[in-house]
Amino acid sequence: MRNPVLGYLLLAPTVILLGVLVGWPLIEAVVLSFNQFHPLTRQPNFVGLRNYAEILTEEEFWNAFKNNFIWLAGSLVLQISLGVALALMLNRSFPGRGLARTLILFPYLLPVVVAALIWQWMLDPLNGVINAGIEGFGLPAVDWLGEMPEAMIAVITVGSWRAFPFVVIAVLARLQSIPAELYEAAEVDGASAWGRFWDVTMPQLGNVLFVVVLLRAIWDFREFDLLFLMTGGGPLSGTTTLPLLVYKEAFEVFQTGRAQAIAVVMLLVMAVLIAFYFALSRRGGTIDEA
Amino acid sequence: MRRGNFLTRLIWGLFVWSVVGTLGFPLFWMLSTAFKPPTEIFVSPPTLIPVSPTLDNFVRVLNETRFVTYFWNSLVVATATTALTITVSTLGAHAMVSFRIRGREMVGKVILLAYLLPSTAILIPIYLIIARLGLTNTRFGLVVAYTSLFLPFALWLMRAFMSGIPREIEAAAVIDGASRMRAFIDVVLPQAVPGIITTGVFSFILCWNEYLYALVMINNDDIRTLPTGVMGTLITGYSIEWGMVMAAAVMMSLPLLFVFLFLQRSLVAGFGAGAVKG
Amino acid sequence: MSVGNKRPTGGQRDISRRTVIKGAAAGSALAASGLFTPAISQGRTKLNVFTLQRAPLQMEAYAKMVASFEAAHPDIEVDMLPVSQTDLWPKLAASYAGGDVPDLVLQVTAENIVSLYGQGLLEPLTDVVKEIGEDDFEESARNLYFDKGEYFAVPASNNCVSLLWYRTDLLDQAGLAPPKTWSDFIAMAKALTGNGMYGASMPYGQAAMANSITWTLIYEAGGLVIAPDMSVVFNDEPTYKMLEFMKEIHEYVPPGANRYDFFDVLNAYVMGTAASCMYTGRAIVNVNTENPAIADSIACTPFPIPTGGVPWWSGAFEGIVMPKAGKNYEAAKQFAAWNFKPEEYIAFINATPGHQIPTLKSILNSQAYRSDPLLQKYPEALQTTIDTLAKANATCKPFDDFPLILKAGEIQGSGIFAETLQRVVIGGETPQKAAAWGQDRIARLMRT
Chain V
1 MRNPVLGYLL
11 LAPTVILLGV
21 LVGWPLIEAV
31 VLSFNQFHPL
41 TRQPNFVGLR
51 NYAEILTEEE
61 FWNAFKNNFI
71 WLAGSLVLQI
81 SLGVALALML
91 NRSFPGRGLA
101 RTLILFPYLL
111 PVVVAALIWQ
121 WMLDPLNGVI
131 NAGIEGFGLP
141 AVDWLGEMPE
151 AMIAVITVGS
161 WRAFPFVVIA
171 VLARLQSIPA
181 ELYEAAEVDG
191 ASAWGRFWDV
201 TMPQLGNVLF
211 VVVLLRAIWD
221 FREFDLLFLM
231 TGGGPLSGTT
241 TLPLLVYKEA
251 FEVFQTGRAQ
261 AIAVVMLLVM
271 AVLIAFYFAL
281 SRRGGTIDEA
Chain D
1 MRRGNFLTRL
11 IWGLFVWSVV
21 GTLGFPLFWM
31 LSTAFKPPTE
41 IFVSPPTLIP
51 VSPTLDNFVR
61 VLNETRFVTY
71 FWNSLVVATA
81 TTALTITVST
91 LGAHAMVSFR
101 IRGREMVGKV
111 ILLAYLLPST
121 AILIPIYLII
131 ARLGLTNTRF
141 GLVVAYTSLF
151 LPFALWLMRA
161 FMSGIPREIE
171 AAAVIDGASR
181 MRAFIDVVLP
191 QAVPGIITTG
201 VFSFILCWNE
211 YLYALVMINN
221 DDIRTLPTGV
231 MGTLITGYSI
241 EWGMVMAAAV
251 MMSLPLLFVF
261 LFLQRSLVAG
271 FGAGAVKG
Chain P
1 MSVGNKRPTG
11 GQRDISRRTV
21 IKGAAAGSAL
31 AASGLFTPAI
41 SQGRTKLNVF
51 TLQRAPLQME
61 AYAKMVASFE
71 AAHPDIEVDM
81 LPVSQTDLWP
91 KLAASYAGGD
101 VPDLVLQVTA
111 ENIVSLYGQG
121 LLEPLTDVVK
131 EIGEDDFEES
141 ARNLYFDKGE
151 YFAVPASNNC
161 VSLLWYRTDL
171 LDQAGLAPPK
181 TWSDFIAMAK
191 ALTGNGMYGA
201 SMPYGQAAMA
211 NSITWTLIYE
221 AGGLVIAPDM
231 SVVFNDEPTY
241 KMLEFMKEIH
251 EYVPPGANRY
261 DFFDVLNAYV
271 MGTAASCMYT
281 GRAIVNVNTE
291 NPAIADSIAC
301 TPFPIPTGGV
311 PWWSGAFEGI
321 VMPKAGKNYE
331 AAKQFAAWNF
341 KPEEYIAFIN
351 ATPGHQIPTL
361 KSILNSQAYR
371 SDPLLQKYPE
381 ALQTTIDTLA
391 KANATCKPFD
401 DFPLILKAGE
411 IQGSGIFAET
421 LQRVVIGGET
431 PQKAAAWGQD
441 RIARLMRT
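Chains as they are written, first to last, in our numbering: chain V, 1 to 290; chain D, 1 to 278; chain P, 1 to 448.
Any given hint might turn out to be false.
To be verified - Just some of the chain D residues that point at chain P, by a computed CB distance under 10 Å:
1) Phe42
2) Glu64
3) Val68
4) Tyr127
5) Arg132
6) Gly134
7) Leu135
8) Val216
9) Met217
10) Asn219
11) Asp222
12) Thr233
13) Ile240
What the hints assert, rightly or not - Covered, in the sense of this in silico footprint (three residues per stretch, anywhere, with C-beta under 8 Å from a C-beta of chain D), are these stretches of chain V:
14) 16-22
15) 267-273
Keep in mind that the hints were calculated from the coordinates and are not lab data.
C-beta atoms are modelled at their ideal positions from N, C-alpha and C, and glycine is treated no differently.
Use the sequences and the hints to build the structure in full.
Take a look at the structure:
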């Protein structure tokens, strides 16, 4: 369109802010990753690729890498299945549906700190309501956040509990826009309820699930607050994911350079994953870019 | 037939409500604990509904901690960040969508990349920048940091919304003789309201909840925000009074629930649309 | 799908549009009123002070100390920020990066003080020590912070984590004497475990307390972490012995101990979940305020020493330090000295009676200090604490003739100790393997 000057003018704040607040820190992050840098004395010392060579040969990095994927895969599977199931339930009418639709979104709105506190209180090994329930059935108390793999199971559960409403919202919005004629046609063709779900609903959801998985994967891959507040990465390093390892290296052992090197690797991993995901889903043909 | 239909609906309703109830239990438990006196909190087996409900926990949080100060700080920081990101991203998204200008694809890609950045990765560099700007330990410093975190997301969302607005409307206004800017304000902006609300609420929620940057960047108790303030004063390492903690949790969640309930209709539509569009 | 399809109807749109515009206006007003308020008030020197002792009662005492100081120095304003042991280094790192370094840090434990000193970050406080009276300070505390003719910290107080608190009623019932050795302790813990009671409360969480007591237990077992020539000697028999001990006693700790830090360790004892715990004199005040039912059955003994070990006890030797990068040396020194004004000093120390022991001899022996009702109530516990501290050393200078371990704070803050412990206790690794890992990581830390 005409008047490109105005366009540039409107875009200018975006470009400037992105440059100063994202571009510059990013460059600085990469530069720091080639240095050794103590945050208190603050004298950078160029070490070339040593930080990268070190982290890639140490068990801590690969352990965090592995944990990151366990956490990511576990959370995605749980929150997506929970979210889709709930959306399907809430799409059919039943008494009090409006209220249920509102209530179900609350976990998503809670501050992370609040979610972490509630669950820590519920998971408390001595006084928590969950262990009280378990012991009510005559089973032994579980130290949910102090043992592995219990701690990983607990954080995945809490993470998914926080995130599933997002899936519900997105899927529900899509479900409501599926034309009723499609179902009617399927019914005329004699398709069962199950058949209608697979043949009509699922293909329609493909698009939205693709975006939801992508978004949730990005958010969950880099999740810091919840894991930090719930377990601090422990026990052992059982729930230490890459973002937590970055924090530990930077603020517990003061290896700012190594921390930034991990962050850069993390960024590359995410970029590769996303490219891979796009390529895969294009070939599979589950999305048409409508 | 009719009766059977009703029965099915009832059974279905009970089933769905039991699922919803299970998923909502943590929230119920937060409320329940917040209203329990200290003596009732450690009763075994726990009481589901407080036997002797009390408002003590809430009163103590308000009187004995700096909850109100933290609340105010959170409000200021979240509001300012939201105002800033909304303004910038609305203008930016409009420019990218309806002006055929050089480099807009490039900007789009940069936004996606920025959006992927883990916040831990640029924590230290951002802090160094804020220090150079002389903004450490100010609310504005946090606003700047949060803008760096949320602007890419806001841009992404706003661009999705803006590209859903039929261009013909704006074109018609321009042909009518209104200037581009007037057309934007009078025609495009009203259309973008649901997007602006969604993006705004998202940004507000994210600011209200943010923990890591607030933890590292604020060293002054006068300007701490709720998440770090509440964690710092109620989880002191010397005592955890779960009743007070849960009361504080309820109070810091309320604004978000309130905003949400108030704007629910346009939000749900917006959430869905923004997320689905991509 | 496009957004346009979901457009609300006209009426609603107008409402939401107006709401948004109003909201934006209110927002900018709100932002403008609060946003740019700087943390500096006009014409007054503002002191930023961190404190690491920050229990509510202590913060109250500090508030009074600040009030009396500000009344006497109208041109100075003190802003006190409580900082947790675990957050100290991240907070310091951030404040250094931002050039907004605290003017004073109160109640820093010895290993952190020594590390700050080792990095060359501290301004000497010799004149403050001299002003208060060099000779009045307890010798071991004073000597710890004296180097190259200057005091790099003011010894503020001391507390003794090398105490074992136990329940006299439960020990009497079981016919046991307070344990003297690690094996006594394990036997006692075993005997007292059962029926919802756990024998001992010890820290296994990846947090400050497990990191801090690791040194202590290794020294007790006759070992060292860092040799006098600053080589790392963590991977050795005494470390294995310490790890084995912690693993054995783990059988008798409450569920959840894998996450225990200072507070949790004490709380399990205070609430009657555990029959004993390793802790400072803070047990006195916490039992009396939170579970007075057991107040007549608590007592402490110096922490047990393993058979064939070294009688070694640890003191925290908390001190006041002044970062070089601070901006207000004079005001900071005045406030540092104000901490020792008898009335304020005793009020702070006795905010948690028995937990912190004065480093000033004149105060320690004063009637004003000793007249606290809780100290009167537990004279033996107070005497045990004072006697144990008299023999105690700091983990960063384990023996009188030992050089300062200048990386002690980094080693302790790194979490390597706690992780080594968890590898053995939770992960089931052999002590040898875990200690080898720890040795390697500590060595890397020493290099940088």
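Here's how the hints hold up against the structure:
{"no.": "1", "hint": "Phe42", "verdict": "holds (8 Å)"}
{"no.": "2", "hint": "Glu64", "verdict": "holds (8 Å)"}
{"no.": "3", "hint": "Val68", "verdict": "violated (13 Å)"}
{"no.": "4", "hint": "Tyr127", "verdict": "holds (5 Å)"}
{"no.": "5", "hint": "Arg132", "verdict": "holds (9 Å)"}
{"no.": "6", "hint": "Gly134", "verdict": "holds (8 Å)"}
{"no.": "7", "hint": "Leu135", "verdict": "holds (9 Å)"}
{"no.": "8", "hint": "Val216", "verdict": "holds (5 Å)"}
{"no.": "9", "hint": "Met217", "verdict": "holds (6 Å)"}
{"no.": "10", "hint": "Asn219", "verdict": "holds (5 Å)"}
{"no.": "11", "hint": "Asp222", "verdict": "holds (7 Å)"}
{"no.": "12", "hint": "Thr233", "verdict": "holds (8 Å)"}
{"no.": "13", "hint": "Ile240", "verdict": "holds (8 Å)"}
{"no.": "14", "hint": "16-22", "verdict": "holds (count 5)"}
{"no.": "15", "hint": "267-273", "verdict": "holds (count 3)"}
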